[in-house]
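Colleague: Residue numbers (my numbering), protein chains in the order written: chain F, 22 to 195; chain V, 22 to 195; chain U, 22 to 195; chain Y, 22 to 195.
Read the hints as simulated data drawn from the structure, not as lab findings.
There could be a bad hint or two in this list.
Identical chains share a label here; the pair holds if one copy fits it or two copies do between them.
The calculated SDA-like cross-link candidates involving lysine to any residue, where the alpha carbons are at most 20 Å apart (straight line), are [what the hints assert, rightly or not]:
1) K191 with G64
2) K126 with R169
3) K117 with S45
4) K126 with Y152
5) K93 with N186
6) K32 with L116
7) K117 with G51
8) K117 with S134
9) K191 with G121
10) K175 with T49
11) K126 with F195
12) K126 with N78
13) K32 with N77
14) K32 with N75
15) K93 with G76
16) K191 with S134
17) K32 with G64
18) K32 with E74
19) K126 with L158
20) K191 with L47
4 protein chains.
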Amino acid sequence: MITIVVGTNRKNSVSRQVAEYYQSILETKGMDSQIVDLVDLPGDFTTTALYSENGNNPVFNDMREKVQSSDKLVFIVPEYNGSFPGVLKAFIDGLKYPEGLRDKKSALIGVSSGVQGGVLAMAHLTDIFNYLGMHVLALKPKLAGIERNFSEGKVTNDLYNQLLNEQAEKLIGF
Amino acid sequence: MITIVVGTNRKNSVSRQVAEYYQSILETKGMDSQIVDLVDLPGDFTTTALYSENGNNPVFNDMREKVQSSDKLVFIVPEYNGSFPGVLKAFIDGLKYPEGLRDKKSALIGVSSGVQGGVLAMAHLTDIFNYLGMHVLALKPKLAGIERNFSEGKVTNDLYNQLLNEQAEKLIGF
Amino acid sequence: MITIVVGTNRKNSVSRQVAEYYQSILETKGMDSQIVDLVDLPGDFTTTALYSENGNNPVFNDMREKVQSSDKLVFIVPEYNGSFPGVLKAFIDGLKYPEGLRDKKSALIGVSSGVQGGVLAMAHLTDIFNYLGMHVLALKPKLAGIERNFSEGKVTNDLYNQLLNEQAEKLIGF
Amino acid sequence: MITIVVGTNRKNSVSRQVAEYYQSILETKGMDSQIVDLVDLPGDFTTTALYSENGNNPVFNDMREKVQSSDKLVFIVPEYNGSFPGVLKAFIDGLKYPEGLRDKKSALIGVSSGVQGGVLAMAHLTDIFNYLGMHVLALKPKLAGIERNFSEGKVTNDLYNQLLNEQAEKLIGF
């Protein structure tokens, strides 16, 4: 079972749609997955689930438990202000420490309207995940210009599809 | 008027104390400053002040206005999970775009219990601030082992004090 | 006098042409500049100008002196293997330490055949330059797909030209 | 067979000694290894082995072949000017592209006199290696203050030894 994290709490995000598409790719390769969408975070989680309140918010705990109990994770990472969404890092800040992500294996996918495809977002996240002991697959597809390359629930760019499929296979074998 | 941002919403943070100490340094150099402490963020700001709700939370707006109306900013950045607090990036995600931080000048100070002193946190933040058009002073003191080097409201490490004073002077002249 | 560094020792590099174009931009704004092209590095500089040999290679010394005596620097940074050319960093490793780049002001321009425009190269360089005490202008144009956007000695992409001009003006006023 | 790369061309480097120590750790775990020391690079490799001369320098080719033919690599990375040595990146720039490092697995060890332990050097290298398709183990020991923690060919710091052994085991199983 692979857990796919939608890395934003924005409603109706394209990242959510990319997550569902990634789920279909994994399915064609015989791999089950579940989605954890940060849109489901409690509205007040930054004061009820972090620091001295770590572990005290049941809804947050349920979400983090899905992440913490998976050996392999996929992160769909939209680019906000040249990096990842702050909410994604705040979610990470609420995980169990230090065992939360340790020794897990992960795959990152960057998503952007603009031309960067989340390259810095994924570089920053790789630093953080490595610090926490989670391995990151080298191949990190950058889905730049997502609006032009995604339609009716599917990535329409051939190169993107090739990279996503290649990454999914590597993650299964990682 | 310089605005000093306490980069975490943790209660009674050491970063807050460092901010007040930095304020006293600026004062000795004849420079007024005000503190914006992220502990004052509305508990639900990640759902009431971001994305389609950007600009709709009056308390958040008041905090961001103090930041947006300053030409020079100081960020006290505690190291959480190998980078900056997610809440700090979520606050940045709620600023006016693109004019929020553009063409401002900033100084970063890293704070950690461990040995890193927030070096990666500040590298990541520099990427983000530069992306948003805000200049970052090259000198970024890393206050590692803060518990051993801070007492009764004051930094007690001579090298740290030298660097903080040097940085404050550079910021005033930046 | 601004010094423009061509950040590769590749012969007949497009970065050299971009440097000359940047020089013409500075000229239209009334600013003199000179070019230091790493293609002129002595072939054996990594053994005759670094570490215990620092300062012992006259040709290298002449090149680094042009850099060290300028208050403002421009770096044309081609993207090699996802970052800057190793030769550029090796040149930096041969500068006087610690005063080589300290307190100078710099502007970075990324150049690539591919879609990234040197974004990671410039992020890495910013870390290094800041470590060495040199300020880096926030605006760092990314000249992706340079072959399609450069012809007969001129950048032909309007957005690129706007950003280069804006950057040059900011550097002059930095 | 694991190949350990000494990431500098400095003569008699402490990184070389750390490489030999790492080799002894691997040996105790039953794993053979060989060392590629960049001190053996031809003095003129930046003009005789890169770009249009890629593949034309027999000594360079022999060194890169040892790297390219290994499935697992260890990099001993001294911190120079806040990042890795330029010579290491120039060596990487001379590898076969794109197959040089693709799909290999690697472990990074940072070495510094100062307090950073090469943290930014390894973050930058991770970006580059991932770009080139090489996986990087999450655990990256930072051997700060190496002079105080290395004596008679051995790391004398217990935490460092614990981390190096843990990393070596993870690399063998990676």
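Colleague: For each hint, tell me whether it holds in the structure or not.
Modeller: Here is how each hint holds up against the structure:
no.	hint	result
1	K191 with G64	neither (35 Å within a copy, 39 Å between copies)
2	K126 with R169	neither (30 Å within a copy, 35 Å between copies)
3	K117 with S45	neither (30 Å within a copy, 35 Å between copies)
4	K126 with Y152	both (13 Å within a copy, 18 Å between copies)
5	K93 with N186	within (16 Å within a copy, 24 Å between copies)
6	K32 with L116	between (22 Å within a copy, 19 Å between copies)
7	K117 with G51	neither (30 Å within a copy, 35 Å between copies)
8	K117 with S134	between (33 Å within a copy, 18 Å between copies)
9	K191 with G121	between (23 Å within a copy, 18 Å between copies)
10	K175 with T49	within (14 Å within a copy, 49 Å between copies)
11	K126 with F195	both (7 Å within a copy, 11 Å between copies)
12	K126 with N78	neither (26 Å within a copy, 38 Å between copies)
13	K32 with N77	between (25 Å within a copy, 16 Å between copies)
14	K32 with N75	between (25 Å within a copy, 13 Å between copies)
15	K93 with G76	neither (22 Å within a copy, 38 Å between copies)
16	K191 with S134	neither (26 Å within a copy, 27 Å between copies)
17	K32 with G64	both (12 Å within a copy, 19 Å between copies)
18	K32 with E74	between (26 Å within a copy, 11 Å between copies)
19	K126 with L158	both (7 Å within a copy, 10 Å between copies)
20	K191 with L47	within (11 Å within a copy, 27 Å between copies)
In this structure, the earlier hints numbered 1, 2, 3, 7, 12, 15 and 16 are contradicted, and the remaining ones agree with it.
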